[in-house]
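**Q** On the provided structure of chain A, position chain B as indicated by the hints.
Taken in order, these protein sequences are the chains called A and B.
Using the numbering used here, read the first sequence as starting at 1 and increasing by one per residue.
Using the numbering used here, read the second sequence as starting at 1 and increasing by one per residue.
No lab work stands behind these hints: they were computed from the structure.
Please note that a few of the clues may not be correct.
[As the list claims (entries may be wrong)] Which bits of chain A does chain B cover? Going by a derived footprint, with three or more residues having C-beta under 8 angstroms, they are: (1) 43-50; (2) 62-76.
[What the hints assert, rightly or not] Label pairs and their computed distance ranges (CB to CB): (3) B:Val145 x A:Asp3: 43 to 53 angstroms; (4) A:Ile105 x B:Thr85: 27 to 37 angstroms; (5) A:Ala27 x B:His86: 17 to 27 angstroms; (6) B:Ala125 x A:Arg14: 17 to 27 angstroms; (7) A:Gly119 x B:Asp48: 39 to 49 angstroms; (8) B:Arg49 x A:Gly101: 25 to 35 angstroms; (9) A:Asp87 x B:His134: 10 to 20 angstroms.
Only a predicted model underlies this, so the values are computations on that prediction, with no experimental measurement involved.
Every residue gets a Cβ at the ideal spot worked out from N, C-alpha and C, and that includes glycine.
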Amino acid sequence: MIDVYREAVTRLSRVPGVSGALVVEAAAGVPVVEELKPDVSGTAVAALAAALFQRTAQASETAGYHGLRSLQLDADGGHVLIAGAGDLVVVALVEDDAQMGRVRIEAMRAARSLLESAGSN
Amino acid sequence: MEVTPAPPQPARPAARAVPPPPVSAPGDPAHVFDSMKGGPLFGVLLLDRRGLVLAGSLGDPQSGQADELGAILGSAIDEAMRAVTHLSLGTWQGLLLDCETAALHVTPIGTEALVVVAAHREAPAGWLLRTAAHAASLAERFVGVYS
Chain A
1 MIDVYREAVT RLSRVPGVSG ALVVEAAAGV PVVEELKPDV SGTAVAALAA ALFQRTAQAS
61 ETAGYHGLRS LQLDADGGHV LIAGAGDLVV VALVEDDAQM GRVRIEAMRA ARSLLESAGS
121 N
Chain B
1 MEVTPAPPQP ARPAARAVPP PPVSAPGDPA HVFDSMKGGP LFGVLLLDRR GLVLAGSLGD
61 PQSGQADELG AILGSAIDEA MRAVTHLSLG TWQGLLLDCE TAALHVTPIG TEALVVVAAH
121 REAPAGWLLR TAAHAASLAE RFVGVYS
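Chain B with its partners taken away, still in its complex shape:
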């Protein structure tokens, strides 16, 4: 019986490189606050004290304005700190803004960062304060990892 040699097998491809982690991996700046999505929440932004976006997004039609918001909010915070110092109110804890089309809350994260929560303007103030506290704890964890 004639034995036919097996046809040559194509070379096995080299082992593939380990794929990069998915974008939703913990620590991905864009998705730090994804667990909070839903309800009247537009989005959450983590800014440094210079107004640069560190993480998050506003997630609404105005999200392209996140950088501009960050840039100009810094000077508003300086005014807030000046008022708190002058009135001997201790340490500032937050700023609740009632705008025509949104409700915003700004919370300091240490001395070097701010977390901004944006929600529908009809969002109850108490809900916004609690949501801001939750966002602040997520932000503190994120900042802690990268400090």
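Looking at chain A on its own, in the form it has when it is part of the complex:
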């Protein structure tokens, strides 16, 4: 199972403009697999990303829009993309000038592969 996670993270982090990627246990907010720059704390990113995803998912449910599939946080210095995958979330840290369309596709693909892997086990 961990190989599937690692492959998803490796593939996502190779997309141009992606500066880091990780798979996070959503409820606990802890990293499962990460590929980040040395100066970025996976523990902190995992906790922040999981909290953001869960809060936003709660808002979506409350408004009647049901589950949250993905979330893209845009800032003037870059982006954070989070895709839900059951109990996990896939997180990509993205540079400001990246091709977000491609990053979004790859993040959703990674999330799907995690879901399929969970379903087959």
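**A** Frame of chain A, contents of chain B only:
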């Protein structure tokens, strides 16, 4: 010839009060974003940072949930700002949400307000970003009038 006096005329009614402006007048909070209606757009909401609705409506079957959405979105935005600060990403510009039955975009209006655009979930992300930018400019004008 006998002249018959004209029958007394009923008193003229007093001048009527000026009617109130129509509900679609500029500045009417409910109709600030009416010019954007159509296509895959469900609606637009302007919220203050406490999550209270300032203007607009979601305009879809879930529109009764606007207050609840506003109330809970505030804490999600706090998390977003925390993430942006921790990752040294500068100022947050927006939040694009892909939900099961809708696509949402949240844009900050200054430091005190948020504009939420809700659209059909199949709405293209690029279209949603442009629509959100347009909604933000309308919201800035509205907030400017009342600031």
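**Q** All hints are to be evaluated individually against the structure, with a verdict given for each.
**A** Structure-based check of all given hints:
1. Residues of the stretch 43-50 of chain A lying with their CB closer than 8 angstroms to a CB of chain B number 4, which satisfies the three-residue condition for coverage.
2. Residues of the stretch 62-76 of chain A with a Cβ under 8 angstroms from some Cβ of chain B number 15, which satisfies the need for three, so the listed coverage holds.
3. For the hinted restraint 43 to 53 angstroms between Val145 (chain B) and Asp3 (chain A), the CB-CB distance of approximately 58 angstroms leaves it violated.
4. Distance hint check: the CB atoms of Ile105 (chain A) and Thr85 (chain B) are about 28 angstroms apart, consistent with the given range 27 to 37 angstroms.
5. The hinted range of 17 to 27 angstroms is satisfied by Ala27 (chain A) and His86 (chain B), whose Cβ atoms lie roughly 20 angstroms apart.
6. At roughly 22 angstroms, the beta carbons of Ala125 (chain B) and Arg14 (chain A) sit within the given window of 17 to 27 angstroms.
7. Distance hint for Gly119 (chain A) and Asp48 (chain B): a CB-CB separation of about 43 angstroms, consistent with the stated range 39 to 49 angstroms.
8. A beta carbon spacing of about 31 angstroms between Arg49 (chain B) and Gly101 (chain A) agrees with the range 25 to 35 angstroms that was offered as a hint.
9. Taking the beta carbon of each, Asp87 (chain A) and His134 (chain B) are about 38 angstroms apart, not inside 10 to 20 angstroms as hinted.
Going down the numbered hints, you'll see the structure goes against 3 and 9, while the others check out.
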